[in-house]
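The listed protein sequences correspond, in order, to chains A and B. So in the working numbering the end of the first sequence lands on 172, straight run, no missing numbers. So in the working numbering the end of the second sequence lands on 160, straight run, no missing numbers.
Since the hints were made in silico from the structure, they are not lab data. Honestly, I wouldn't trust all of these hints.
Said to hold, decoys possible - Selected chain B positions facing chain A (Cβ under 10 Å, derived; list incomplete):
#: 1; residue: Arg51
#: 2; residue: Val107
#: 3; residue: Glu109
Claimed, not checked - A few chain B residues facing chain A, derived, Cβ under 7 Å:
#: 4; residue: Leu30
#: 5; residue: Thr37
#: 6; residue: Ala50
It should be emphasised that the depicted structure is a prediction, and the values quoted were computed from it without experimental measurement. Using N, Cα and C, we set each Cβ at its ideal position, and we do this for glycine too.
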Amino acid sequence: MTLADFEQILLRDRDRVFGYAVRMMGDREEAADLVQDAMLKLWSHREAVSAEGATGWLIRVTRNACLDALRRRSFENGLFVREDLAPDPEGDDPEPDRVLSILELRACLDRLVARLREPYRSILILREVEDYRYDEIAAALDLPLTTVKVYLHRARHMLKASIAPEAVREHV
Amino acid sequence: MTDPYPQEPDGPHFPGDAPDRLDALLDRELKGLARETFPTDRLSFVLTTARRDARRDAWSRFVAWLRAMPAADLRPAFAMAALTVITVTAALWGHPGRNRPPVDPAVAEALDQVRWTLGFLSGVSERTGASVRDDILAPHVVQPLQDAATLVFQEPATLN
Chain A
1 MTLADFEQIL LRDRDRVFGY AVRMMGDREE AADLVQDAML KLWSHREAVS AEGATGWLIR
61 VTRNACLDAL RRRSFENGLF VREDLAPDPE GDDPEPDRVL SILELRACLD RLVARLREPY
121 RSILILREVE DYRYDEIAAA LDLPLTTVKV YLHRARHMLK ASIAPEAVRE HV
Chain B
1 MTDPYPQEPD GPHFPGDAPD RLDALLDREL KGLARETFPT DRLSFVLTTA RRDARRDAWS
61 RFVAWLRAMP AADLRPAFAM AALTVITVTA ALWGHPGRNR PPVDPAVAEA LDQVRWTLGF
121 LSGVSERTGA SVRDDILAPH VVQPLQDAAT LVFQEPATLN
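Construct the entire structure; sequences and hints are all you get.
And the structure:
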């Protein structure tokens with residue numbers, strides 16, 4: 001991978017990979033640290049990584065870094081759950097008799113996505129939020145293409161199952 | 001082979017065609033979640049590091065190439081190449097006047113006007129200096145001094 005390839009990949013993917021990391025970590029600063037490290041790692045492995053495989057490589061390294069950081073966080077904090085990732089005690093799962101505003105719905109979706117297990121969460125974020133192609137996700141997560149599609153379907157199913165129908169009745 | 005990520009149990013179901021509409025809502029709202037922008041200072045740090053490494057790599061490769069070269073065999077070719085580079089460089093950039101781009105006519109006219117103005121001002125100041133000398137200094141300063149000196153030298157006795 002040349003410097004020009006590297007620059008092009010950063011310009012194209014930086015915001016999407018960062019967005020993925022922010023949703024994984026729930027913390028912009030921590031996500032920025034991890035993505036910056038992943039970019040520098042990609043550059044330091046430029047002899048081994050092709051320009052075509054660089055996006056997948058960058059996502060994979062970022063994801064592994066996020067999962068490591070989450071594990072560390074979980075180990076350090078014991079059972080403590082970060083406030084910004086924790087379910088909202090007032091109504092993470094919306095009350096059936098209350099219709100959510102669109103902003104509330106998005107905040108609720110953010111929290112529900114953060115609660116999905118891996119690799120459902122990664123697949124859902126990469127595909128539905130950051131708009132990566134199936135083949136790019138499959139390469140990044142080292143999964144077969146069909147598995148990615150199946151897992152995405154399940155992730156969406158889980159997400160829908162978490163949303164009370166009454167809470168969104170005005171939006172559907 | 002068992003699925004390492006088994007499907008979650010079903011959640012609540014939506015009546016009628018609501019699931020399709022909920023799917024559409026999910027599509028729309030997931031795409032509508034806040035977009036994140038990678039901080040520019042961090043991006044520029046990464047790019048600066050990469051560019052510095054790339055320059056260092058290029059220099060290292062050049063040095064390695066030079067060291068690997070059998071110097072005795074290639075010295076005449078190297079000298080010839082260096083001479084060619086110097087000649088071409090001198091031909092292209094050695095005479096800046098020859099390659100100077102043509103001056104815009106408006107700029108040329110403005111420059112002429114500036115030159116004329118400076119010349120005119122210079123002439124005026126020269127004439128002003130001469131007239132001060134002839135009209136003020138000569139009759140009111142130089143002449144009285146000369147008269148006084150003449151008087152002193154012609155009649156020294158009157159001073160006592």
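Verification of the supplied hints:
| no. | hint | result |
| --- | --- | --- |
| 1 | Arg51 | holds, 7 Å |
| 2 | Val107 | violated, 39 Å |
| 3 | Glu109 | violated, 46 Å |
| 4 | Leu30 | holds, 4 Å |
| 5 | Thr37 | holds, 5 Å |
| 6 | Ala50 | holds, 5 Å |
In summary, the numbered hints that this structure violates are 2, 3.
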